[in-house]
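Student: Build out the structure end to end from the sequences listed, making use of the hints.
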Amino acid sequence: GAVVSQHPSRVICKSGTSVKIECRSLDFQATTMFWYRQFPKQSLMLMATSNEGSKATYEQGVEKDKFLINHASLTLSTLTVTSAHPEDSSFYICSARETGNSNQPQHFGDGTRLSIL
Amino acid sequence: AQTVTQSQPEMSVQEAETVTLSCTYDTSENNYYLFWYKQPPSRQMILVIRQEAYKQQNATENRFSVNFQKAAKSFSLKISDSQLGDTAMYFCAFMIDTGTASKLTFGTGTRLQVTL
Numbered sequence: 001g002a003v004v005s006q007h008p009s010r011v012i013c014k015s016g017t018s019v020k021i022e023c024r025s026l027d028f029q030a031t032t033m034f035w036y037r038q039f040p041k042q043s044l045m046l047m048a049t050s051n052e053g054s055k056a057t058y059e060q061g062v063e064k065d066k067f068l069i070n071h072a073s074l075t076l077s078t079l080t081v082t083s084a085h086p087e088d089s090s091f092y093i094c095s096a097r098e099t100g101n102s103n104q105p106q107h108f109g110d111g112t113r114l115s116i117l
Numbered sequence: 118a119q120t121v122t123q124s125q126p127e128m129s130v131q132e133a134e135t136v137t138l139s140c141t142y143d144t145s146e147n148n149y150y151l152f153w154y155k156q157p158p159s160r161q162m163i164l165v166i167r168q169e170a171y172k173q174q175n176a177t178e179n180r181f182s183v184n185f186q187k188a189a190k191s192f193s194l195k196i197s198d199s200q201l202g203d204t205a206m207y208f209c210a211f212m213i214d215t216g217t218a219s220k221l222t223f224g225t226g227t228r229l230q231v232t233l
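The listed protein sequences correspond, in order, to chains R and H.
Just so you know, the numbering used here puts 94 at position 94 of the first sequence, and the rest follows in order with no gaps.
Just so you know, the numbering used here puts 190 at position 73 of the second sequence, and the rest follows in order with no gaps.
Everything labelled a hint here was simulated from the structure, so no lab data went into it.
These numbers were taken from a predicted model, which means no experiment stands behind them.
Check before you lean on any hint, since a few could be wrong.
[As the list claims (entries may be wrong)] Straight line, CA to CA, 30 angstroms or less: simulated DSSO-like cross-link-like pairs of lysine-lysine:
#1 Lys-195(H) with Lys-172(H)
#2 Lys-41(R) with Lys-64(R)
#3 Lys-14(R) with Lys-41(R)
#4 Lys-66(R) with Lys-14(R)
#5 Lys-220(H) with Lys-195(H)
#6 Lys-41(R) with Lys-220(H)
#7 Lys-64(R) with Lys-14(R)
#8 Lys-55(R) with Lys-14(R)
#9 Lys-187(H) with Lys-220(H)
#10 Lys-20(R) with Lys-66(R)
#11 Lys-20(R) with Lys-64(R)
#12 Lys-41(R) with Lys-20(R)
#13 Lys-220(H) with Lys-64(R)
#14 Lys-220(H) with Lys-190(H)
#15 Lys-41(R) with Lys-195(H)
#16 Lys-220(H) with Lys-55(R)
#17 Lys-172(H) with Lys-220(H)
#18 Lys-190(H) with Lys-41(R)
#19 Lys-190(H) with Lys-172(H)
#20 Lys-220(H) with Lys-20(R)
#21 Lys-55(R) with Lys-66(R)
#22 Lys-220(H) with Lys-66(R)
#23 Lys-172(H) with Lys-187(H)
#24 Lys-41(R) with Lys-187(H)
[Claimed, not checked] Far from chain H by the CB rule (all over 12 angstroms, computed), these chain R residues:
#25 Cys-13
#26 Lys-66
#27 Leu-76
[Said to hold, decoys possible] Which residues of chain H face chain R? A partial, calculated answer using Cβ under 10 angstroms:
#28 Arg-160
#29 Gln-161
#30 Glu-169
Glycine included, every Cβ here is placed at the ideal spot set by N, Cα and C.
Tutor: Next comes the structure, spelled out in structure tokens:
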């Protein structure tokens, strides 16, 4: 149980392209999902908290207009990197926590490696 | 703000031996949760073990156990009978229960290499 699916696993695209990453909780409902960014050999940096039916909460320094988050259902959150540039290249990971279990660990997707040429 | 410190960037252990990864944290809260996550080369984040701060007993999961010292704000991970598949980055993480949006704070990680 508690499976989180993240798609795509790898994206290579040209500068200026917008890229959408999906995060789905397959066997549980998740009111809240989280989006992280990880640079090579570094830790996970929380970018934003995605809230079903409401606006995402962004961490300090994260551009809201650059990283658009939509959480339209209890099982799906999307992160769109708008007008991506090479500096946006990174590993992006989502996680989800089952609704009603705020003290339970987050379950992570397998990540998306984004490469902007 | 909460901080998590992992002072060992890299460690190495021989197969079948025991290794301990250190983690310290700083918080003024009394009730919180601590986790160890493993990230193998595939980069998937895998929960290894969790500890509730209100529990005095150290958590164990098969070959993995923790030494939780609340007063010292220390949360080390012991891996017994190390296996090649244990080679990975290990992240210590801290969380306060603030409801559905409870956030994890991660340490900088320790890269563990298990050798023959």
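Student: Could you run down the list of hints and mark each one as holding or not?
Tutor: Each hint tested on the structure:
no., hint, result
1, Lys-195(H) with Lys-172(H), "holds (18 angstroms)"
2, Lys-41(R) with Lys-64(R), "holds (25 angstroms)"
3, Lys-14(R) with Lys-41(R), "holds (25 angstroms)"
4, Lys-66(R) with Lys-14(R), "holds (16 angstroms)"
5, Lys-220(H) with Lys-195(H), "holds (25 angstroms)"
6, Lys-41(R) with Lys-220(H), "holds (22 angstroms)"
7, Lys-64(R) with Lys-14(R), "holds (21 angstroms)"
8, Lys-55(R) with Lys-14(R), "holds (29 angstroms)"
9, Lys-187(H) with Lys-220(H), "holds (20 angstroms)"
10, Lys-20(R) with Lys-66(R), "holds (12 angstroms)"
11, Lys-20(R) with Lys-64(R), "holds (15 angstroms)"
12, Lys-41(R) with Lys-20(R), "holds (24 angstroms)"
13, Lys-220(H) with Lys-64(R), "holds (19 angstroms)"
14, Lys-220(H) with Lys-190(H), "holds (19 angstroms)"
15, Lys-41(R) with Lys-195(H), "holds (22 angstroms)"
16, Lys-220(H) with Lys-55(R), "holds (17 angstroms)"
17, Lys-172(H) with Lys-220(H), "holds (20 angstroms)"
18, Lys-190(H) with Lys-41(R), "holds (25 angstroms)"
19, Lys-190(H) with Lys-172(H), "holds (14 angstroms)"
20, Lys-220(H) with Lys-20(R), "holds (23 angstroms)"
21, Lys-55(R) with Lys-66(R), "holds (15 angstroms)"
22, Lys-220(H) with Lys-66(R), "holds (22 angstroms)"
23, Lys-172(H) with Lys-187(H), "holds (10 angstroms)"
24, Lys-41(R) with Lys-187(H), "holds (29 angstroms)"
25, Cys-13, "holds (20 angstroms)"
26, Lys-66, "holds (21 angstroms)"
27, Leu-76, "holds (16 angstroms)"
28, Arg-160, "holds (5 angstroms)"
29, Gln-161, "holds (5 angstroms)"
30, Glu-169, "holds (8 angstroms)"
In summary, this structure violates none of the numbered hints.
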